[in-house]
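Number of protein chains: 2
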Amino acid sequence: VSDSGRSSGPTGAGDSDPGYVFDEDTAVDQVGPGEWSATVSSRWDVVGGAPNGGYLQAIALRALGHEAGLPDPVTSTAHFVAKPEHGPAIVRTTIERRGRHTTGTARLEQGETTVMLLTATFGDLADASGPTRIDGGPPHLPPLDACVAAPDDDALPPIVRRFDARFDPEGIGWMLGEPSGDGRIAGYIRFADSRPVDGLALPLLADAMPPPVLNMVPGIAWVPTLELTTHVRGRPAPGWLRAVFRTRLLVDGYLEEDGEIWDADGRLVAISRQFALVQMGR
Amino acid sequence: VSDSGRSSGPTGAGDSDPGYVFDEDTAVDQVGPGEWSATVSSRWDVVGGAPNGGYLQAIALRALGHEAGLPDPVTSTAHFVAKPEHGPAIVRTTIERRGRHTTGTARLEQGETTVMLLTATFGDLADASGPTRIDGGPPHLPPLDACVAAPDDDALPPIVRRFDARFDPEGIGWMLGEPSGDGRIAGYIRFADSRPVDGLALPLLADAMPPPVLNMVPGIAWVPTLELTTHVRGRPAPGWLRAVFRTRLLVDGYLEEDGEIWDADGRLVAISRQFALVQMGR
Chain G
3 VSDSGRSSGP TGAGDSDPGY VFDEDTAVDQ VGPGEWSATV SSRWDVVGGA
53 PNGGYLQAIA LRALGHEAGL PDPVTSTAHF VAKPEHGPAI VRTTIERRGR
103 HTTGTARLEQ GETTVMLLTA TFGDLADASG PTRIDGGPPH LPPLDACVAA
153 PDDDALPPIV RRFDARFDPE GIGWMLGEPS GDGRIAGYIR FADSRPVDGL
203 ALPLLADAMP PPVLNMVPGI AWVPTLELTT HVRGRPAPGW LRAVFRTRLL
253 VDGYLEEDGE IWDADGRLVA ISRQFALVQM GR
Chain L
3 VSDSGRSSGP TGAGDSDPGY VFDEDTAVDQ VGPGEWSATV SSRWDVVGGA
53 PNGGYLQAIA LRALGHEAGL PDPVTSTAHF VAKPEHGPAI VRTTIERRGR
103 HTTGTARLEQ GETTVMLLTA TFGDLADASG PTRIDGGPPH LPPLDACVAA
153 PDDDALPPIV RRFDARFDPE GIGWMLGEPS GDGRIAGYIR FADSRPVDGL
203 ALPLLADAMP PPVLNMVPGI AWVPTLELTT HVRGRPAPGW LRAVFRTRLL
253 VDGYLEEDGE IWDADGRLVA ISRQFALVQM GR
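Chains as they are written, first to last, in my numbering: chain G, 3 to 284; chain L, 3 to 284.
For the record, the hints were derived by calculation from the structure and aren't laboratory data.
Possibly wrong hints are sitting among the right ones.
Since the list can't tell identical chains apart, any single copy or any two copies may satisfy a pair.
[To be verified] In silico DMTMM-like links for lysine to aspartate or glutamate, alpha-carbon gap of 25 Å or less:
1. LYS85 to ASP126
2. LYS85 to ASP129
3. LYS85 to ASP47
4. LYS85 to GLU37
5. LYS85 to ASP31
Start from the sequences and build out the full structure, keeping to the hints where you can.
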């Protein structure tokens with residue numbers, strides 16, 4: 003039994019009902035100064051049996067958020083340095099600077115192996131005051147009932163069942179062997195168990211849809227993420243999020259994937275960029 | 003006298019003529035295992051007398067590049083946690099994982115203060131093999147001689163004199179007190195002393211133009227960077243680079259600034275994103 007819902011940070015970072023899968027699977031227990039135990043679950047595996055990178059980032063952010071004492075991980079970057087195993091892990095946290103913005107690092111370790119390095123700066127978006135100018139808006143999507151859910155197929159990786167996602171049909175040609183050529187995947191998304199989305203979950207949401215490069219090149223086997231940065235820009239209202247992910251610049255197998263996530267009220271809640279590599283299949 | 007041009011990494015990261023200002027001012031000397039001495043110069047100061055963030059990132063990348071043994075910092079993220087002083091600094095480096103991609107961290111310290119935290123993954127873009135698909139291209143710019151150089155004015159901050167930049171007139175209305183409303187600044191850029199641009203310098207170039215948010219809101223005093231991530235995507239050909247920086251999403255004073263840098267042959271060489279904050283003047 004995890005304590006993730008109860009021992010959250012002083013300002014509420016990570017507060018939520020421990021009955022949710024996300025909270026169970028990102029639970030951390032303090033075992034020493036700056037040392038937290040965690041368990042890497044298989045319930046967030048992507049194709050090939052590897053845990054999703056955004057999921058690992060959320061584990062580390064939960065531990066670091068406990069130490070930071072500020073609710074919103076306004077910018078966090080993870081470098082994925084070794085393939086994680088399912089099972090026990092240790093998160094080692096260090097707070098480097100406290101203030102209006104608090105910055106710290108976290109290292110996800112399994113045995114002698116460092117799996118992921120995270121640096122994050124926390125703030126309090128409720129205290130943000132300054133000008134707002136938005137050039138753009140939520141992604142244009144067909145109505146919810148014109149979008150397409152993932153098939154109910156046990157052969158799909160477990161992460162698919164963690165979300166209720168409805169994809170813009172324009173972006174899923176690759177699933178049918180007809181990639182559109184346009185590196186865009188977009189749709190509506192929420193947790194399958196209705197867990198509210200907060201700043202801890204947004205980096206996971208930023209890595210939760212299939213890579214849009216699948217629409218650009220046929221025959222891709224895997225798109226390992228080397229680095230993922232997410233900026234949390236707002237606290238989501240309840241309801242469906244709208245998300246869009248784009249890859250425009252695939253050069254010699256390296257690519258960026260840029261994401262935007264907007265809430266049900268049409269407000270920006272996160273942007274993300276990852277640096278990844280395509281591995282071609284046979 | 004610095005050794006920056008001579009004691010570079012085994013694969014040539016940072017190799018260059020020590021006569022260039024950039025190389026002099028990012029020189030590091032190993033003083034212990036994973037410990038490098040450096041000097042923060044005033045020659046890269048921005049408005050307000052603070053050293054440019056991309057410049058600090060280049061110092062740390064030079065030290066880490068010596069240890070990494072791979073030439074290209076394909077993705078690097080700096081968190082700026084305290085205002086740096088001019089003068090001596092120590093860079094502490096740790097290599098976390100070696101392989102086709104090598105990841106390490108660097109910490110820029112001055113006395114008891116940690117100024118900046120960096121995590122970077124190095125690779126070798128000459129060995130990259132994989133598909134290329136480009137949606138877009140270099141920024142549309144007027145011809146070079148229709149673009150505008152910074153005025154030769156000693157009141158401008160020192161960093162202005164480190165570069166030869168020619169700005170698209172569309173993006174400099176803010177200088178004349180007539181911000182266009184469009185968060186875009188673009189132009190041609192190279193080092194003023196013709197120092198070739200490499201992967202070490204690209205994170206600095208990604209932070210070298212004025213913030214495009216100046217075109218969106220009048221009365222901004224300062225735009226401190228909290229975090230800057232640069233992906234090095236290619237090795238620049240000699241000649242003018244074309245760069246474009248955009249801010250689209252300014253929310254309660256927080257913003258992203260997205261950059262693209264293309265070389266004289268029309269090839270992508272870097273993309274960047276920073277997370278920053280506007281501070282309004284009186």
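Hints, verified against the model:
no.: 1; hint: LYS85 to ASP126; verdict: between (33 Å within a copy, 21 Å between copies)
no.: 2; hint: LYS85 to ASP129; verdict: between (38 Å within a copy, 22 Å between copies)
no.: 3; hint: LYS85 to ASP47; verdict: within (12 Å within a copy, 41 Å between copies)
no.: 4; hint: LYS85 to GLU37; verdict: within (21 Å within a copy, 29 Å between copies)
no.: 5; hint: LYS85 to ASP31; verdict: within (23 Å within a copy, 34 Å between copies)
Going down the numbered hints, you'll see the structure goes against none, and every one checks out.
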